[in-house]
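K.L.:
Residue 156, in this note's numbering, is where the sequence shown stops; the numbers in between run on with no holes.
Hints are not guaranteed to be accurate.
[Stated by the list, open to error] Distance windows between CB atoms, simulated:
#, residue 1, residue 2, range
1, Q32, F149, 15 to 25 Å
2, V141, S120, 25 to 35 Å
3, D146, N3, 30 to 40 Å
In short, the hints are calculated from the structure, not lab data. Please read all numbers here as calculations on a predicted model, not as lab measurements. A virtual CB, placed ideally from N, CA and C, is assigned to each residue, including glycine.
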Amino acid sequence: MVNNQEFSKRLQIILEHYHLSASAFADSIDVQRSSISHILSGRNKPSLDFVLKVIQTYSEVDLYWLLNGKGTFPPSKNEEQKLVITKPLQEVSPSTNQSKDRTNDLFSNSSEDISQKSESISEKNTMTSVMSSSKKVERIVIFYADKTFETYLPNS
């Protein structure tokens, strides 16, 4: 189990290492600012989602260190050098036969796709004209993720 007080101390170390305030850290990992405050005060335990967002956003933070306090943070220079890839990547070049086959596969059915798309477009146009003739739009309301909305009224 995660010890709230110890986790709070490790979270504080992360904030100091990156020179961030609690609110800036919350914004950077895309969580509510209050959740950072509650974790730092010991009121709440960190959720799995919270821990994963920290690990994904700050790759230097070791999951095992964050949860259990075992290991080191920030990583020393020797540990950072271990993370560097030492072997050069092999160059991959496609053979000419494969690229020709892919081109044929990609566009072999293109004429069929175009005719199907044009049929679906004509069906949509027909449905739109049927719908517009029998019913009138009163208003259109668009809701945004930031909990705001806009209302559009038709020009009568």
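K.L.:
For every hint, state whether the structure bears it out.
P.N.:
These are the hints, each one checked on the structure:
1. Q32 to F149: 15 to 25 Å: 21 Å, holds
2. V141 to S120: 25 to 35 Å: With a Cβ separation near 28 Å, V141 and S120 satisfy 25 to 35 Å, so the hint holds.
3. D146 to N3: 30 to 40 Å: 36 Å, holds
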